[in-house]
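J.: One-letter residues, chain by chain:
Protein chains: 4
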Amino acid sequence: MASFDAELVALELGFVGIAAPISETVSQQHGAAHAGLTFALGDSAAGYAALTTIEGEADVMTAEMKINLLRPAIGDRLVAEGRVIKPGRRLIVVQAEVFAETHDSRKQIALLQGTMVPN
Amino acid sequence: MASFDAELVALELGFVGIAAPISETVSQQHGAAHAGLTFALGDSAAGYAALTTIEGEADVMTAEMKINLLRPAIGDRLVAEGRVIKPGRRLIVVQAEVFAETHDSRKQIALLQGTMVPN
Amino acid sequence: MASFDAELVALELGFVGIAAPISETVSQQHGAAHAGLTFALGDSAAGYAALTTIEGEADVMTAEMKINLLRPAIGDRLVAEGRVIKPGRRLIVVQAEVFAETHDSRKQIALLQGTMVPN
Amino acid sequence: MASFDAELVALELGFVGIAAPISETVSQQHGAAHAGLTFALGDSAAGYAALTTIEGEADVMTAEMKINLLRPAIGDRLVAEGRVIKPGRRLIVVQAEVFAETHDSRKQIALLQGTMVPN
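Chains as they are written, first to last, in the numbering used here: chain A, 3 to 121; chain B, 3 to 121; chain C, 3 to 121; chain D, 3 to 121.
Just to be clear, a hint being listed does not mean it is correct.
Because identical chains share one entry, a pair is satisfied inside a single copy or across any pair of copies.
To be verified - Computed list of lysine to aspartate or glutamate pairs in EDC-like fashion (alpha-carbon distance at most 20 Å, straight line):
1) Lys-88 / Glu-103
2) Lys-88 / Glu-57
3) Lys-88 / Glu-99
Since the hints were made in silico from the structure, they are not lab data.
Computed from a predicted structure; not experimentally measured.
Starting from the given sequences, assemble the full structure and let the hints guide the process.
T.: Spelled out as structure tokens, the structure:
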């Protein structure tokens, strides 16, 4: 989270939203580079969402994650919304949507689907 | 590449290897955080591999990418090897393996499979 | 569709639902076998949903598709709901949910995410 | 296996090959329909490969699987080769390649990557 300057913007059972500014550094990157940043934010939101569904001091790890990039990450900030599709003791199936926002627009730029495992 | 302190270690038609040190910052991260870093390196290697198969000044973008995390990213450096499975004018199917290396060991920590599109 | 004895149950712009009975043949299969059948139904619903967003006599092909299996396919019939997440001339990003239904219950058994290409 | 008229053509620890004829029924299908059949064969090969790495009478289930379709399934028979990338007690990461063969050619038509869980 710290490396993206990210903050928590929503927290419910099975749902977490995090936001991070789109810095000049990020916005100047081209092509495939965007995928890594968008992935990291979506994957983090999905992981935190999974954490809300498990008890005790457990951590979760990403077992596998798939991302479809829909649009370029243009805007003021990115918001990633992670949700749990299917909780479980061994496998937690998660989804995340990532949006690029300006003060008056919000466009989905990515969709992620994957599996977290309690650790 | 710059943000990971990464360097090119192999370059052939349809194959690119890049390496990045596992910094203290990275090695201290837990859980889902690793996925983002490993993804970014594997995705970059796959994107560069795709670039070697297209002509002119085109760039490539990640359309979609899937990662399976196999082991924790423990070691001195990460090496990502990207290769083109199927070149194409519209879609380039790629794969990447990511390894964690020490001076005398090399373990695969991730496998990626996805699609690049010329841009 | 014919090979699953499937029927169309919903049709809107960007959304298609198809249903197929869970035959004895299917319900007697174990383990990994279920994945193929559930995949085929979800992939078909997603493909038909993509078709509703393109003009003319074009066909669509699955470029890539990912499925997470959530629960066993137990019930009277399977219903697959495909939707278009992002239309496009070159790439259409789609999603599908597959449910197992009895006369009084409906449980999601799979989630798919992938890319269709007009052909 | 029976539903594809499939036969075992290779069996080693962590590696299984299965083959199935490309029937008229299959070859006459268009578009997205191919994905289901190719997926089922690749997923089965990957599942059997996973089975070779676990002890006792356990079964395996597909937790998630991703397929990239590379070329149309044209030829006399399909051969799917599944292999274990990372064995494990809880998660088995697998890969499969599917080829379309004639008497004198062999072309890769799909690549799959996914996770099996012992059951």
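J.: Determine for every hint whether it applies to the structure shown.
T.: Each hint, compared with the structure:
1. Lys-88 / Glu-103: between (28 Å within a copy, 17 Å between copies)
2. Lys-88 / Glu-57: within (15 Å within a copy, 28 Å between copies)
3. Lys-88 / Glu-99: Close inside one copy (16 Å) and across copies (13 Å); limit 20 Å.
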